[in-house]
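All chains, please: the whole structure from these sequences, using the hints.
Residues per chain, in single letters:
2 protein chains.
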Amino acid sequence: MASDHAQTDETSPAERRRQRVRDSILHAAERMIAKEGEDGLSIRRLAEEIDYSPAAIYKYFGSKEELVDELKEAFFARILTHVDKVQYSEEPFECRAHQCLRVYIEEALEKPHQYLGAFSGVVDPTDSHEIESNKARAFDYLISMVSEGQALGHFDPSRDAVTVAKSVWACCHGAASLLAHLPHFLDGMPSDIPVKRDAFLDLHADIVLRGLYKR
Amino acid sequence: MASDHAQTDETSPAERRRQRVRDSILHAAERMIAKEGEDGLSIRRLAEEIDYSPAAIYKYFGSKEELVDELKEAFFARILTHVDKVQYSEEPFECRAHQCLRVYIEEALEKPHQYLGAFSGVVDPTDSHEIESNKARAFDYLISMVSEGQALGHFDPSRDAVTVAKSVWACCHGAASLLAHLPHFLDGMPSDIPVKRDAFLDLHADIVLRGLYKR
DNA sequence: GTTACAAAGTAAACACTGTTCACTTTTTGA
DNA sequence: TCAAAAAGTGAACAGTGTTTACTTTGTAAC
Numbered sequence: 629m630a631s632d633h634a635q636t637d638e639t640s641p642a643e644r645r646r647q648r649v650r651d652s653i654l655h656a657a658e659r660m661i662a663k664e665g666e667d668g669l670s671i672r673r674l675a676e677e678i679d680y681s682p683a684a685i686y687k688y689f690g691s692k693e694e695l696v697d698e699l700k701e702a703f704f705a706r707i708l709t710h711v712d713k714v715q716y717s718e719e720p721f722e723c724r725a726h727q728c729l730r731v732y733i734e735e736a737l738e739k740p741h742q743y744l745g746a747f748s749g750v751v752d753p754t755d756s757h758e759i760e761s762n763k764a765r766a767f768d769y770l771i772s773m774v775s776e777g778q779a780l781g782h783f784d785p786s787r788d789a790v791t792v793a794k795s796v797w798a799c800c801h802g803a804a805s806l807l808a809h810l811p812h813f814l815d816g817m818p819s820d821i822p823v824k825r826d827a828f829l830d831l832h833a834d835i836v837l838r839g840l841y842k843r
Numbered sequence: 629m630a631s632d633h634a635q636t637d638e639t640s641p642a643e644r645r646r647q648r649v650r651d652s653i654l655h656a657a658e659r660m661i662a663k664e665g666e667d668g669l670s671i672r673r674l675a676e677e678i679d680y681s682p683a684a685i686y687k688y689f690g691s692k693e694e695l696v697d698e699l700k701e702a703f704f705a706r707i708l709t710h711v712d713k714v715q716y717s718e719e720p721f722e723c724r725a726h727q728c729l730r731v732y733i734e735e736a737l738e739k740p741h742q743y744l745g746a747f748s749g750v751v752d753p754t755d756s757h758e759i760e761s762n763k764a765r766a767f768d769y770l771i772s773m774v775s776e777g778q779a780l781g782h783f784d785p786s787r788d789a790v791t792v793a794k795s796v797w798a799c800c801h802g803a804a805s806l807l808a809h810l811p812h813f814l815d816g817m818p819s820d821i822p823v824k825r826d827a828f829l830d831l832h833a834d835i836v837l838r839g840l841y842k843r
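Top to bottom, those sequences are chains A and B. Just so we're aligned, residue 629 is where the first sequence starts under my numbering, counting upward by one. Just so we're aligned, residue 629 is where the second sequence starts under my numbering, counting upward by one.
To be clear, the hints were calculated from the coordinates, so they are not data collected in a lab. Honestly, I wouldn't trust all of these hints.
[Said to hold, decoys possible] Calculated cross-link-like contacts (lysine to any residue; reagent style SDA-like; alpha-carbon spacing at most 20 Å):
| hint | chain 1 | residue 1 | chain 2 | residue 2 |
| --- | --- | --- | --- | --- |
| 1 | B | Lys842 | A | Asp784 |
| 2 | B | Lys739 | A | Leu806 |
| 3 | A | Lys739 | B | Val751 |
| 4 | A | Lys824 | B | Ala789 |
| 5 | B | Lys824 | A | Ala789 |
[What the hints assert, rightly or not] Covered by chain B, per the in silico footprint, the following chain A stretches (three or more residues, Cβ under 8 Å):
| hint | region |
| --- | --- |
| 6 | 696–707 |
| 7 | 732–745 |
| 8 | 828–839 |
Cβ atoms here follow ideal geometry from the backbone N, Cα and C, with glycine treated the same way.
Okay, structure coming up:
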């Protein structure tokens, strides 16, 4: 039964083997990007690192771009799960909203090169596939957060929740982008190194959220 | 006297000629980047476009990076002058502050590829030359704007002006970056195309600035 | 077990890239 | 006019992503 034609878990030894090689490619690529950025990733050096020929990579990925895109999708999926966890916690709304912004930025900064790479370059408007990516979905959470804030009577209800959510996303993305791009961004500020980023993110989230409240 | 050893305006015909070639290189590079992005710029195709050999480019610029860095510096200098103009206008403070944020974003969006390219990739912390660029100076204007807002009794004075300015810069940069990166960012929103961006920027600046006011 | 077929893997080539170097042409200043 | 400097170039080097024809390996059926 276990060696029957239709496997119970849909994975044959060959498929598992293939999956392992695929993963090793992805992991090696991730390591190289983390070290040297997206431009530092070379298919040839990547192949050498995992002891394959460059051409072998193309049995697993259609192009370098497809490979990198898969990493980006996984990265944003990870950010989403972390933001999601905050969203459904038992904390009061104001605390959740604050954490929501913070966690997005903090998770983005876990992989600065990947985060920056995901926003470098103008996206082709005719490429519809980009629209339904996890990147766009990150911002769906913000819509429901803003709507909830309006329903609870905290936020100004006269504004369009979607538009406001886009504005909030811009604020979060900007902080993540600048912190990732400029390692010295917080230099010359009060308090010590590990606290600096924490304190800044608190202030930033405070300012952004305060902008949403009714006056 | 005019043909004396030391020229009055410090430019000989040879220097002017050289400057013209230099400019033609820069302009061609700018056109190519505007069309195909930073990665789409090729020294060889650039040379072909202006009818020179690829090697000739290196008589004017040490490397491709130096060339695009000069374009970036000029671009941010242009943004700065526009923001500067707002800063010293005769409008009331609240209007100037609002315009300050708007103009930064609008000018950034004049060259989406260049703006995104200026923030792609993690900056080398040991490279001190990056710190004193026009990019960093854009944010000096925000510091004085925040300080003035505090002095006038509008903004919360208990906060560090520099830190707040960084937060505001992040909000502006985020909006510029997202709008440049995602041409569809404002799709699915009320009102028509030319007004959309205008309305969004107004809302965004409103939200950010409201976050700074005393409650 | 053998055989047929598909999958995995590769070496070599193609068409690019940025950059350098030896070399020629042109321009300049005395 | 003549040497020196500047401007410009062709060819090469080392690297890139990708494709193609080919070989090796593994699998499934007879």
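Verification of the hints:
1. For a cut-off of 20 Å, the pair hint linking Lys842 of chain B to Asp784 of chain A stands: about 17 Å separates their Cα positions.
2. Taking the CA atoms of Lys739 of chain B and Leu806 of chain A, the gap is about 19 Å. The hint holds against a cut of 20 Å.
3. Distance restraint check for Lys739 of chain A and Val751 of chain B: the Cα-Cα separation of roughly 14 Å lies within the 20 Å cut-off, and the hinted pair is therefore satisfied.
4. The straight-line distance between the Cα atoms of Lys824 of chain A and Ala789 of chain B is roughly 15 Å, inside the 20 Å bound, and the hint therefore holds.
5. Between Lys824 of chain B and Ala789 of chain A the alpha-carbon distance is near 15 Å, which keeps this suggested pair within the 20 Å criterion.
6. With 0 residues bearing a CB less than 8 Å from a CB of chain B, the region 696–707 of chain A misses the requirement of three and the coverage assertion fails.
7. Requiring three or more residues with a Cβ within less than 8 Å of a Cβ of chain B, the coverage given for the region 732–745 of chain A holds, as 4 such residues are present.
8. Residues of the region 828–839 of chain A lying with their CB closer than 8 Å to a CB of chain B number 9, which satisfies the three-residue condition for coverage.
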